[in-house]
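> Going line by line, the protein sequences match chains S and R.
The numbering of the first sequence is the numbering used here, which starts it at 1 and goes up by one.
The numbering of the second sequence is the numbering used here, which starts it at 1001 and goes up by one.
Everything labelled a hint here was simulated from the structure, so no lab data went into it.
For clarity, every value in this text was computed on a predicted model and none was experimentally measured.
For glycine and all other residues, C-beta sits at the position ideal for the given N, C-alpha and C.
Treat the hints with caution; some may be incorrect.
[Stated by the list, open to error] Derived list of chain R stretches under chain S, where covered just means 3 residues or more per stretch with a C-beta under 8 Å from a C-beta of chain S: (1) 1072-1078; (2) 1360-1369.
[Unchecked claim] Facing chain R, a subset of chain S residues (Cβ under 10 Å, in silico): (3) 35; (4) 44; (5) 351.
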Amino acid sequence: MTDQLATSFVRQDLVPQRPAPVVTTGFVGFLRTRLFNTPSNALLTIVCALLLWFTVVPTIKFLVVDAVWQGNDRSACLAENVGRTVGACWPFVQAKFIQFIYGFYPEAERWRVNVIFALAIMLLIPLLIPRIPGKTANAGLFFLAFPLVAYFLLHGGGIRGFGLTWTADAALALANSIVDAGRKLAELGEARGVIGWLPVLLGKTLALLGSALAIPIAPLGWLRDWIQASGKAVWADVALTAIVVSLLLFFLNGGLRTGWRSLIISLVTFAGIALVIAVMGLDRGGLPIVDSRLYGGLLVTLIVSVTGIVASMPIGIALALGRRATIPLVRIFSIAFIEFWRGVPLITVLFFATYMLPLFLPGNFTIDGLLRVLIGIALFSGAYNAEVVRGGLAAIPRGQAEAASALGLSYWKTTSLVVMPQALRHVIPGLVNSFIALFKDTTLVLIVAIFDLLGSLRAAFADPVWATPSTLFTGFAFAGIIYFIFCFGMSRYSLFVEHRLNAHRRH
Amino acid sequence: MSIESRPPPSLFWPKLRRAVGGRAGWSGLVLQIAFVALLVWIGYEIVANARANLQAQRVASGFGFLDNTAGFAVSQALIPYSESNTYARVFVVGLLNTLIVSVIGIIFATIFGFLVGLGRLSPNWLLSRLSGGYVELVRNLPLLFQILFWYLAVLATLPNPRQSISLFDKFFLSNRGFVIPKPIEQASFGPFVIAIVIAIVASLLLRSYARRQLFDHGRMLKIWPYGLGLLIGLPLIVCLVLGAPVTFEIPALRGFNFAGGSRIIPEFIALTLALSTYTAAFIAEIVRAGVQSVNKGQMEAGSSLGLSRGTVLRLIVVPQAMRVILPPLTNQYLNLTKNSSLAVAIGYPDLFSVFAGTTLSQTGQAIEIIAITMGVYLLISLVTSAVMSYYGWRINRNLGAT
Chain S
1 MTDQLATSFV
11 RQDLVPQRPA
21 PVVTTGFVGF
31 LRTRLFNTPS
41 NALLTIVCAL
51 LLWFTVVPTI
61 KFLVVDAVWQ
71 GNDRSACLAE
81 NVGRTVGACW
91 PFVQAKFIQF
101 IYGFYPEAER
111 WRVNVIFALA
121 IMLLIPLLIP
131 RIPGKTANAG
141 LFFLAFPLVA
151 YFLLHGGGIR
161 GFGLTWTADA
171 ALALANSIVD
181 AGRKLAELGE
191 ARGVIGWLPV
201 LLGKTLALLG
211 SALAIPIAPL
221 GWLRDWIQAS
231 GKAVWADVAL
241 TAIVVSLLLF
251 FLNGGLRTGW
261 RSLIISLVTF
271 AGIALVIAVM
281 GLDRGGLPIV
291 DSRLYGGLLV
301 TLIVSVTGIV
311 ASMPIGIALA
321 LGRRATIPLV
331 RIFSIAFIEF
341 WRGVPLITVL
351 FFATYMLPLF
361 LPGNFTIDGL
371 LRVLIGIALF
381 SGAYNAEVVR
391 GGLAAIPRGQ
401 AEAASALGLS
411 YWKTTSLVVM
421 PQALRHVIPG
431 LVNSFIALFK
441 DTTLVLIVAI
451 FDLLGSLRAA
461 FADPVWATPS
471 TLFTGFAFAG
481 IIYFIFCFGM
491 SRYSLFVEHR
501 LNAHRRH
Chain R
1001 MSIESRPPPS
1011 LFWPKLRRAV
1021 GGRAGWSGLV
1031 LQIAFVALLV
1041 WIGYEIVANA
1051 RANLQAQRVA
1061 SGFGFLDNTA
1071 GFAVSQALIP
1081 YSESNTYARV
1091 FVVGLLNTLI
1101 VSVIGIIFAT
1111 IFGFLVGLGR
1121 LSPNWLLSRL
1131 SGGYVELVRN
1141 LPLLFQILFW
1151 YLAVLATLPN
1161 PRQSISLFDK
1171 FFLSNRGFVI
1181 PKPIEQASFG
1191 PFVIAIVIAI
1201 VASLLLRSYA
1211 RRQLFDHGRM
1221 LKIWPYGLGL
1231 LIGLPLIVCL
1241 VLGAPVTFEI
1251 PALRGFNFAG
1261 GSRIIPEFIA
1271 LTLALSTYTA
1281 AFIAEIVRAG
1291 VQSVNKGQME
1301 AGSSLGLSRG
1311 TVLRLIVVPQ
1321 AMRVILPPLT
1331 NQYLNLTKNS
1341 SLAVAIGYPD
1351 LFSVFAGTTL
1361 SQTGQAIEII
1371 AITMGVYLLI
1381 SLVTSAVMSY
1391 YGWRINRNLG
1401 AT
């Protein structure tokens, strides 16, 4: 037993201590693994640290440490008066703050802008938080009701008629235009002589068609005249429109059996409209009119971007559906439309809207400068949204649409109830990205002489009262922070939504 | 009783139905007719209104104005131009300025974007955070804001020519722009260029020979010393034999400005800087997404072969990532070209600025000028995407996919 022990493979002496393994956790480990693991990485780290040192430190010094916080004019921000190197000149921003936010909107009327901002925030925040219920009503209020209310608040003015009057006007204008075109074509054909019989025939047919169209419209015209002649034209029109639309909805949705719900919704909507008209006094001329040339600053930036977002969505959805339509001409038109707007720079679109659009409209029809730009931006970003929506439509399996057809749903019901809701859910992050791009692009309106935030900033630089060496940098820092907050906020929100929508895929 | 084979039913009507109405059939046809009628009506209204409005404003129509004398100066022209030239010449000058700023912007943006994108994926923590911060900052600020920032806040606050920042007393940076020595061609310039071309072609041939050797026989040839030798040696020999191909006119400070040398105008510098840094942030994200789309195993396999990280990226990962990178990269190139029209904000004489800006305000012929401008940008877009999709097709073919 003992000699067996002596020859057994049991170590008799202690193993010498080995050095502790290299630390890979904690701060030192972090330095070792992520910053200084190889000589080239160490060099890179040093270069980056130097870069940071030479960019971030002076920026902070400029914005906070060396900044001047109070003063009334440029003398407060001059190095010889302060007695040290001067950083940001914040009194300049304070003095111009009103201009940066409202532009030249009259001081007495600025409460209207504030009301709009408050309304927008009140409607937007519940829309963005997924847990809060009532999204349909909320979205309807934000995307349909809010823009109209905001228009009458911002611009002022009232209305003379309502649904029936407008419908009658539009229908009569259409009939007149057709008759007019027919007559001109006929004249052209007669002037040409021998070969002109075809245009003459076509023109006469068109004129006849137009006149025929005018006959069923005529009662509508009489109704309009009767409404306008009555003492309270707007109220009569609202009441009549409410009755007609509600009854139509009631019978279209199944009449006595199932139509009650839509009847109630329609009546409530019209009651809301009547309330808004009464509160804002739209029937009595509304608020004093403020010309759009007085708008400016962040107000214009938000008007242009929100209108662009709201108006480009239906355009984008329509174009995306058109691009997938089975009808050849509709498809070709949609493709050409999308490719055209995507192929040209936004600024040419703005020039198109500013200089060419007025030429295309009838001479007696003037169109406001801001509105022209809004039309251009809506068309442009509609084409971009169309491609995003198309991506979403392509991601929906064909089985969804086929199953809906098998249930007997029509194309429109299949699209609006089954395919489109799923597709839009898919592309929310893409849409948010295109909204960020739109928000950044609103700065271009500066080039067609509309003063958005950047335009107001540029105008403020021209003020000799505030001309100091650091004014420019201060102004850019301020505007940059605002733009960054908006864009970064949107992109973070889109990440959040993406995460939420992909929740089922993560496990 | 034998069953006679019946002739197949006539397919004429169904085919016609499909051709004119799509899958929706005759109702589709009716819809199309209504649609065309609507378009014709809108078109008619537009033309009629435009004619009436132009007559009321007494604006001439047609493209005759292109032959008129422009009568305004352009601050940068790549081809000889004077105020007595026509509007057509102005158009060419502007187009060349747009193209040069786009090409240079694209080159810088691509290089910088790839560096930042790869930097964001670097194992070095500081570098990846720095690249990420750069991307977030630049992407979330409007481009026009950045252009104006470079132009108004950075370049305009540079010292005046007298106190300009100089490099070797030959390059001068001031608020009037960047002044560099101007090359003047000598007699030996032609042979010099030919020598460079020959050297490049020879190096490419050498490279393809080395590749074939590698692919067919597995032999790795070290060719870069020969290529470098060719590229430096050949032009050098020409220089030694025939004399220097160019001499430089050194700019000198005279009075309040520089005399001699070539001047790169500050508008060009601001625009190129803003465009390339802005687009680089987007390219960086595209590169990152592309590299991340390559299977992690590829990187690990490369490392296990003993290749360094740089070599793995260059030879294995980036070529595969190119397939994912290329389409969005094309879009960024197009965006950069289109965004160069923002030059009008700082007065760089690009196509949009001189043509849709100055020429439009002088002649008032909005329809023709805006149509031409839009058409040119559309053409550039279509040509670029065609070239890039050809390149993408070639990459796919080389990788043996599809």
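> So which of the earlier hints does this model not fit?
Failing hint: just 1.
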